[in-house]
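Visitor: Here are the chains, one letter per residue:
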Amino acid sequence: MATVDDPYKGYRNSGLETLKKFDVRVWDRVKVLSESGTFEGVLLPRNEMADTFHIVLKLDTGYNVGVRAERISAIENTGRSEGHYKVPEKEFPYDPEKHNVVLLGTGGTIASRLDYTTGAVIPAFSPGELFGAVPELADICNLQTHKVFGIFSEDMGPAQYIPLAQRIYKEINDGAEGIIIGHGTDTMHHTAAILTFMVQNPPVPIILVGSQRSSDRPSSDAARNLINAAMAATGPIAEIMVCMFGPTSDKYGLLHRGTRVRKMHSSYRSAFRTIGDIPLATVDRENGVKPLRRDFNPRGGSGKEFKLVPTFNEKVTILYYYPNMQENLIRAIVGAGYEGIVIAGTGLGHINRPLYNVIRWATGQGVHIYMTVQTLWGFVQMFVYDNGRYLMDCGIVPLANMLPEVAYMKLSWVLGQTNDREEVKKIMLTPINGEITERERPDGYLVFQGGLPEVEQFMRDYLL
Amino acid sequence: MNLWDTNEIDYAGLGFRCGIEIHQQLDTHQKLFCHCPVGLVEGPANARLFRHMRPTLSEMGEYDGTALMEKKTRKEIIYEILNDRVCTYEMDDTPPFLINQQAVDIGIKLALLFQCKIVDEAHISRKQYLDGSIPTGFQRTTVLGTDGWMPYKDRRITIRQINVEEDACREVSDVGHRIVFRTDRLSTPLVEVITAPDMRNPIEAGEVTKLLAETNRISGLVRRGIGAARQDVNVSITGGDRVEIKGVERIGLIPGLTHFEALRQKSLLELRDELCNRDISLDNFAYNISDATRHLLKTPEFVGHWAVDQGGVIGAICIRGFGGLIGWYVFPERTFADELGGRVRVIACLDKTPNLAHRLNRAALGIPEREWESIGKGLNANTNDALIVTWGPQRDVVTALEEIAARCREAISGVPQETRQVLSNGRYTDFERILPGPDRMYPDTDHPPIPIEMKRVSNARASIPEFPWERRRKLSEAGLSQQLVSQLIVHPRFEIFQKMVEISGDIRWAARLVAETIKHLQRRGFETANLTDKRLLDLAESYREKEFYREGTLDILKVICKRNRKVSEAIDEIIFKITDEEAELIFEDLSDTANLPADPFKQKRYLMGQVMRKYRGAIPGKRLWDKVSAMTSRKDKATSEPRE
Numbered sequence: 001m002a003t004v005d006d007p008y009k010g011y012r013n014s015g016l017e018t019l020k021k022f023d024v025r026v027w028d029r030v031k032v033l034s035e036s037g038t039f040e041g042v043l044l045p046r047n048e049m050a051d052t053f054h055i056v057l058k059l060d061t062g063y064n065v066g067v068r069a070e071r072i073s074a075i076e077n078t079g080r081s082e083g084h085y086k087v088p089e090k091e092f093p094y095d096p097e098k099h100n101v102v103l104l105g106t107g108g109t110i111a112s113r114l115d116y117t118t119g120a121v122i123p124a125f126s127p128g129e130l131f132g133a134v135p136e137l138a139d140i141c142n143l144q145t146h147k148v149f150g151i152f153s154e155d156m157g158p159a160q161y162i163p164l165a166q167r168i169y170k171e172i173n174d175g176a177e178g179i180i181i182g183h184g185t186d187t188m189h190h191t192a193a194i195l196t197f198m199v200q201n202p203p204v205p206i207i208l209v210g211s212q213r214s215s216d217r218p219s220s221d222a223a224r225n226l227i228n229a230a231m232a233a234t235g236p237i238a239e240i241m242v243c244m245f246g247p248t249s250d251k252y253g254l255l256h257r258g259t260r261v262r263k264m265h266s267s268y269r270s271a272f273r274t275i276g277d278i279p280l281a282t283v284d285r286e287n288g289v290k291p292l293r294r295d296f297n298p299r300g301g302s303g304k305e306f307k308l309v310p311t312f313n314e315k316v317t318i319l320y321y322y323p324n325m326q327e328n329l330i331r332a333i334v335g336a337g338y339e340g341i342v343i344a345g346t347g348l349g350h351i352n353r354p355l356y357n358v359i360r361w362a363t364g365q366g367v368h369i370y371m372t373v374q375t376l377w378g379f380v381q382m383f384v385y386d387n388g389r390y391l392m393d394c395g396i397v398p399l400a401n402m403l404p405e406v407a408y409m410k411l412s413w414v415l416g417q418t419n420d421r422e423e424v425k426k427i428m429l430t431p432i433n434g435e436i437t438e439r440e441r442p443d444g445y446l447v448f449q450g451g452l453p454e455v456e457q458f459m460r461d462y463l464l
Numbered sequence: 001m002n003l004w005d006t007n008e009i010d011y012a013g014l015g016f017r018c019g020i021e022i023h024q025q026l027d028t029h030q031k032l033f034c035h036c037p038v039g040l041v042e043g044p045a046n047a048r049l050f051r052h053m054r055p056t057l058s059e060m061g062e063y064d065g066t067a068l069m070e071k072k073t074r075k076e077i078i079y080e081i082l083n084d085r086v087c088t089y090e091m092d093d094t095p096p097f098l099i100n101q102q103a104v105d106i107g108i109k110l111a112l113l114f115q116c117k118i119v120d121e122a123h124i125s126r127k128q129y130l131d132g133s134i135p136t137g138f139q140r141t142t143v144l145g146t147d148g149w150m151p152y153k154d155r156r157i158t159i160r161q162i163n164v165e166e167d168a169c170r171e172v173s174d175v176g177h178r179i180v181f182r183t184d185r186l187s188t189p190l191v192e193v194i195t196a197p198d199m200r201n202p203i204e205a206g207e208v209t210k211l212l213a214e215t216n217r218i219s220g221l222v223r224r225g226i227g228a229a230r231q232d233v234n235v236s237i238t239g240g241d242r243v244e245i246k247g248v249e250r251i252g253l254i255p256g257l258t259h260f261e262a263l264r265q266k267s268l269l270e271l272r273d274e275l276c277n278r279d280i281s282l283d284n285f286a287y288n289i290s291d292a293t294r295h296l297l298k299t300p301e302f303v304g305h306w307a308v309d310q311g312g313v314i315g316a317i318c319i320r321g322f323g324g325l326i327g328w329y330v331f332p333e334r335t336f337a338d339e340l341g342g343r344v345r346v347i348a349c350l351d352k353t354p355n356l357a358h359r360l361n362r363a364a365l366g367i368p369e370r371e372w373e374s375i376g377k378g379l380n381a382n383t384n385d386a387l388i389v390t391w392g393p394q395r396d397v398v399t400a401l402e403e404i405a406a407r408c409r410e411a412i413s414g415v416p417q418e419t420r421q422v423l424s425n426g427r428y429t430d431f432e433r434i435l436p437g438p439d440r441m442y443p444d445t446d447h448p449p450i451p452i453e454m455k456r457v458s459n460a461r462a463s464i465p466e467f468p469w470e471r472r473r474k475l476s477e478a479g480l481s482q483q484l485v486s487q488l489i490v491h492p493r494f495e496i497f498q499k500m501v502e503i504s505g506d507i508r509w510a511a512r513l514v515a516e517t518i519k520h521l522q523r524r525g526f527e528t529a530n531l532t533d534k535r536l537l538d539l540a541e542s543y544r545e546k547e548f549y550r551e552g553t554l555d556i557l558k559v560i561c562k563r564n565r566k567v568s569e570a571i572d573e574i575i576f577k578i579t580d581e582e583a584e585l586i587f588e589d590l591s592d593t594a595n596l597p598a599d600p601f602k603q604k605r606y607l608m609g610q611v612m613r614k615y616r617g618a619i620p621g622k623r624l625w626d627k628v629s630a631m632t633s634r635k636d637k638a639t640s641e642p643r644e
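Chains A and B, in that order, give the protein sequences. Every letter in the first sequence is one number past the one before it in my numbering, and letter 36, counting from 1, is 36. Every letter in the second sequence is one number past the one before it in my numbering, and letter 146, counting from 1, is 146.
Quick caveat, the hints were computed from the structure, so don't treat them as lab data. The C-beta atom is built at its ideal place from N, Cα and C for all residues, glycine as well. Hints may be right or wrong, so weigh each one.
As the list claims (entries may be wrong) - If you only want the chain A side, here are some residues facing chain B, beta carbon under 10 Å, derived: (1) SER34; (2) GLY66; (3) PRO163; (4) ARG217; (5) SER219.
With the sequences and hints as input, model every part of the structure.
Guide: Laid out in structure tokens, this is it:
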């Protein structure tokens, strides 16, 4: 990857040769003479993923164009104009009346800027920047920010989960009255789940927040999500929660319990939903946190010990079952040294008959195999059909209505502590915070079907 | 000097410059960055979205002035969603799909028609629009061509840039802090053609815009009808600055609008000079503000009293040294107060007019002399100062007072760069927003660059029609009237017209038929859809073969329209079958005709009417007329020849 000081950022082959030939560098003001016309503007870095035949100019009108290197006859250097992308920075004010909130940055689009070499947005993070961009935060809390990592959410793993959990635990012990974690949205629900197991019974709110539209867009949900997260972090619910848009409109955020939340759309602002239950609360700037239920852990703690359990075993996997799955797949997984498998089975928790023997073999090898459902909503019910009973006899343990990704995180976490079959099973089946619920509320499953007259009426009456 | 007469103004002396940006919707099946069908729909919306906009930085690290202005307005934006026209892309809930290649090809062809150079690699940019008209907060746009030109009079008009971009929403309403948009039009592919400021007077501005529109339309690749084309007109004069008159839908308004904009800038420069004479500079510009609510609590006749009744406030501002200048004329009928009022309306969202009072209108607005003086006294205002009062919700009044001060300060420099909207009289304009600059541009990170191979350009070049100015020259040389030429060169059936000329050898017959007769029939309710391309070509062939003569054309077309007949059937039905020899006999018959009017002129008309009733189109009208003329003794033939 090109370094920051690289004067030919992103250019290779013919593009690079042309720049060198005419002795011009990225951010130079240039006049380019080419068969395709004469262009004046600033020479921009080239996206490393793009072809190597063009150079990119920002014209004085603000438009960018690519000029084919081989058609260029001359480039004249007329000055220099380096970009200095920076949000106006201001010191965050302190008000003794307000809660002290710590914002931990992990990356993602809650705070991001353009990366010319990849042509994508990259995470950027500084407290002054954040206040410069979202001054409303100062009306809500006192804010300290710490950049813990700067990575995309899909790159998160145990190497981040453990230090993040330790940092949260430390910040709370040091007096933080609320924690906000800026996080990319893709694996936000994975992190929410693992933090629930690692940081138990926190006395203050721990909020994961991100954005579905990057903060370099005027329509971004980043600022509003961050404001909502600050409201939640100063609010009454002391749990690990995801705070993202309720509707796609700029109305209110939802606070989802970290073990029941899932990203359900690749791009909608309202992508995050509580599955098989209802969210904990709504939150917005005007009304604050409005609980939708009473059984949350209150600020100050529920009397149970606030503890840190930062364990993780990487030899766990999720197996998403499909018809005609072959037994050698499971043999390969076990052969690769995996100690735990979470199966996302069909229907009530099923897999095909030819796998039964290999499952029995794998559990016999000491592999811990748990069953969840790929329907996401509903319970594993392995007593209803004989197949299910047989599978349990083979050593598979049903995980009630635990979501597959949550089960993966929990099994990884448990196997980081013990390998004892009964002990693992006991911890897996004892909910730490809602990953298994005793009952499914009738309104825990609401996936409206578009096109129906009553649903269309609902859409007309309420903001999307 | 008559300010209304464009002939009396010395535009060259003013340094008048005008450039045009013309936006024309492309005739594609789908939108530019998603696969939604193009087209407007009426009726209630299926759903609504509620959003806000926040300004962001350009990639050079600058905030755009317009963006900051829009932030001050604190608008709540409602989008009307239409399930059949909009997907999650328009809602800004899905990134763009790859650009519509049909639109790119049309854009390349139009760029070639304007003799532009085609870029080697197109980059999608985001052009910020924080007024809410696009849910993303920016318009995706890409430059396809640069450095083109078009002949005009004895010179060239430079075409700076041709862009393909997505259209914005239609505005439904804009009241206070709430603006409502309909999303059906959103993301319809547009071409934007940008000229250099080469137009030297308002008449030229209008004429060049017509030529630009003509060139777009000649391609046959753009949408037509109301709203399919909109113009932004940029005007400046020496010492003034670029002002953009936005979204002019009727080209006919452009001369008047640019004329009055030039005069407005002239007045603002005179105001600048007056301020300079008064020694007011950016350094010593001063004002102070106060809450004037208590002064006007007990004056129910005051038009702004509603603000107090609704819990709002009345604010007052004293601008030092501006005494007597608020009423400075900037248009024949508008003053500097209207400049201030425009800013207050747009930025502070105080859109209930009148929204401010000053010395000249305060009595009419119901502020008594005594109260006015006590407000002034509270601000230490003397006769050299200007006093202005505005009213509404408290936050808005604070914004309004700041904007009034900001606009007065700008008067010291002369003409602020603005985007202005056309008022309903079609002549004057009012403030719309601060003119955006290049800082509002940002590369689109969601879409990769689009290489445009030379092969693609040469294919496009092979398929573009001839240039409109060449087409115009050829048709004019063929002797057609200017009106017919103008109709024909952008006519959707121009190619059919050309073929009809080739077949029939009679350009005037074909021109009138295509440009006028069919339109005439359509207006009178005939089913002109029955006049298919094939039938028009058949008609030209029958015409060449003398199966009918020119005078029979209209009757044949009527039969085809009415009864959906083939050309041959229509001719059989309506045209009298007669040989040359038989035609001679008819004239013999005529010589026996009794009851002839005595007057020789009437006699000729009478005879002509009789034969035409039966033989229209069967015998050339000229031949009948000559025969009739020969039979009567009238000499003065030329004046009463039948029309072609």
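Visitor: For every hint, state whether the structure bears it out.
Guide: Here's how the hints hold up against the structure:
no.	hint	in the structure
1	SER34	holds, 8 Å
2	GLY66	holds, 3 Å
3	PRO163	violated, 30 Å
4	ARG217	holds, 6 Å
5	SER219	holds, 4 Å
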